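Trainee: Line by line, the protein sequences are chains R and F.
Add 17 to a position in the first sequence, counting from 1, and you land on the number used in the working numbering.
Add 276 to a position in the second sequence, counting from 1, and you land on the number used in the working numbering.
By construction, these hints were calculated from the structure, which means they are not laboratory data.
Treat the hints with caution; some may be incorrect.
[Stated by the list, open to error] Just the calculated beta-carbon pair ranges, DEER-fashion:
| hint | chain 1 | residue 1 | chain 2 | residue 2 | range |
| --- | --- | --- | --- | --- | --- |
| 1 | F | R353 | R | P225 | 52 to 58 angstroms |
| 2 | R | A155 | F | R281 | 37 to 43 angstroms |
| 3 | F | S407 | R | L228 | 26 to 32 angstroms |
| 4 | F | G304 | R | A272 | 55 to 61 angstroms |
| 5 | R | A152 | F | G304 | 44 to 50 angstroms |
| 6 | R | D116 | F | R353 | 43 to 49 angstroms |
| 7 | R | L22 | F | E450 | 55 to 61 angstroms |
[Claimed, not checked] Residues of chain F clear of chain R, computed beta-carbon distances all greater than 10 angstroms:
| hint | residue |
| --- | --- |
| 8 | G288 |
| 9 | Q294 |
| 10 | A302 |
| 11 | G370 |
| 12 | G379 |
| 13 | L433 |
| 14 | G435 |
| 15 | A439 |
| 16 | Q467 |
| 17 | R480 |
| 18 | V482 |
| 19 | F484 |
| 20 | R486 |
| 21 | P487 |
| 22 | G501 |
Predicted model, so just to flag it, every value in this text is computed and none were measured.
For glycine and all other residues, C-beta sits at the position ideal for the given N, C-alpha and C.
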Amino acid sequence: MQRALAEVLLLAVPAGVLGSWIVLRRLAFFAHAVGTVTFPGLVVAGPWGIAPQLTALAAALGFGAAQERLGRGGRLAPDAATGLLLVAALAVGVVLASDVYESGAGVDSLLFGTLIGLRASDLWFTAAVAAGALALDAALRRSWLAAGFEPASARSLGLRTARSDRLLLVGIAAAAVVALSAVGALLVAVILVVPAATVRLVCTRLAPLQLGATALAAAEGVIALWWADRLNVGPGPAMAVLGGAVFAAVALWTARAGGEVPA
Amino acid sequence: MSAVRVAGLSGGYGPGRQALRDVTFAAGPGRVVGVLGPNGGGKPTLFRALLGELPVRRGEVALAGAPAYVPQTERARLDFPVSALDVALMGAYGRTPWYRRLGRRERDAARAALARVGLAAVSDETFGALSGGQRQRILLARALVQDAPVLLLDEPLSGVDGASAAGIERVFGELRDEGRTLLVATHDVHQAARFDLVLCLHGRQVGFGRPGETLTPEVLRATYGAELIVLEGGGTAVGVGHHAH
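Using the sequences and the accompanying hints, generate a full structural model.
Mentor: Following this line, the structure appears as structure tokens:
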């Protein structure tokens, strides 16, 4: 339980820092997809004797490269390419899993997460990604901000946004990979999108948004762990229910208070 | 010496596509050039070529320094969590290494730029909560912080309130007096007639020179074609049809 607690607290860092950019840069679908496409990688990790983080990362980066290739030249809209690859990865994962797993329980834990059996190396990997998220944010936040606010001027402002945007996607992929143990391949958005989207409803500045999203992700993670333990459910679904309920409550409150919900 | 010099420029967005061809003009320091043209006439293409974002298929482009670009306010996202000061500060990004925080000097420059466009009082307001005219002035303030010798402005006076338009035109005058060169894309022939020079585009260069000599009915007809209305009484002509990129 201690390791699980440390894991969700570490995950709160990329959830707040990168989650805010996911929401602001409208990358929620990408974040969901990059988590889902890791599924076949997770399925083969055990039989091949490879760390699941590595196979998941390879799948996530392969997804990013394939998406860019498919979208090149504007022949396929980015969200269409994302949807296409997401479905393909899920299908491949299901086919592979039918050969690997005799019962559905193993597949469930890959899709929806389990914090049972976390190793120290898992925590170190998550800590490294959390530190990487902070470093990326410190180095590239000006570029991400300017490109998200008004991309046409980025070059004249002296920014090279193509490279920094690519690194944002790599950071999101890495964050999705370390979130897999807690929430599984299908619920990555629960930790990388929902807390930041919730705080965004009441926040009009970037720094408070990132701090608030980090704090909310940590609080939701800890409560969901306790709740999952009591009810004997996976941490991913517990976080999804809790995060969804908090988001709905805040959205309702801001709507009733007459505030405009930011897009 | 020219601050902006374009010779025989042709370019486009893809192989075989030539959005603009045969553009040749020059403007010295302290000149305001009105860039006139209809929708699809090549104004954004020219700006993209000057910004170095468009492959120049033929010709040459030479600028006195890296230009600042002022987009239409509709191009900016209103839901972004940035204040007027945050936006003005973006003008200092290019000269501040990523490892150095934006300090007092940059903040003072951003505040001074906001004051110059008459918006010191709203520096802490959220950009998206301000009026269209105020937002346009903030984008101009961002360009002021860049301290560029050449400014490219994409229809900065379209759809803004009278006070903002007057404020923007006043800043144009100040920038001209400082020796900066401004290229102002516009649909408004009357407005362009007040500038030092006009450049008329319709996929190619139709005319360039002093407004009094260049804005003849023939040039305007060749520039705007069907989009032109000629008013009676003095033969004044105006372009119609506000375009959205």
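Trainee: Using the C-beta atoms of R/L22 and F/E450, is the stated range 55 to 61 angstroms upheld?
Mentor: holds, 60 angstroms
Trainee: Taking the Cβ atom of F/S407 and the Cβ atom of R/L228, is their distance within the range 26 to 32 angstroms?
Mentor: holds, 30 angstroms
Trainee: 44 to 50 angstroms was suggested as the range; check whether the CB atoms of R/A152 and F/G304 agree with it.
Mentor: Check passed, 46 angstroms falls within 44 to 50 angstroms.
Trainee: For F/R486, which was marked as not at the interface, is the minimum beta-carbon distance to chain R over 10 angstroms?
Mentor: At about 28 angstroms from chain R, F/R486 clears the 10 angstroms cut-off, so the statement holds.
Trainee: Test the statement that F/G288 is away from the interface with chain R: the closest C-beta pair must be farther apart than 10 angstroms.
Mentor: holds, 15 angstroms
Trainee: Say whether it holds or is violated: F/Q294 keeps its Cβ farther than 10 angstroms from all Cβ of chain R.
Mentor: The claim holds: F/Q294 sits with its nearest Cβ about 19 angstroms from chain R, beyond 10 angstroms.
Trainee: So F/G435 supposedly isn't at the interface. Is its beta-carbon more than 10 angstroms from every beta-carbon in chain R?
Mentor: Holds, because the least Cβ-Cβ distance between F/G435 and chain R comes to about 17 angstroms, which exceeds 10 angstroms.
Trainee: Since F/V482 was said not to touch the interface, does its Cβ keep a gap of more than 10 angstroms from each Cβ of chain R?
Mentor: holds, 25 angstroms
Trainee: With 10 angstroms as the threshold, tell me whether F/R480 passes as away from chain R on beta-carbon distances.
Mentor: holds, 24 angstroms
Trainee: Could you let me know if the closest chain R CB is still more than 10 angstroms away from the CB of F/G370?
Mentor: violated, 2 angstroms
Trainee: Taking C-beta pairs only, is F/G501 more than 10 angstroms away from all of chain R?
Mentor: holds, 27 angstroms
Trainee: Run the C-beta distances from F/P487 to all of chain R and say if the shortest one exceeds 10 angstroms.
Mentor: Answer for F/P487: holds, closest chain R Cβ roughly 27 angstroms.
Of the numbered hints stated above, those contradicted by the structure are hints 1 and 11, listed in ascending order.
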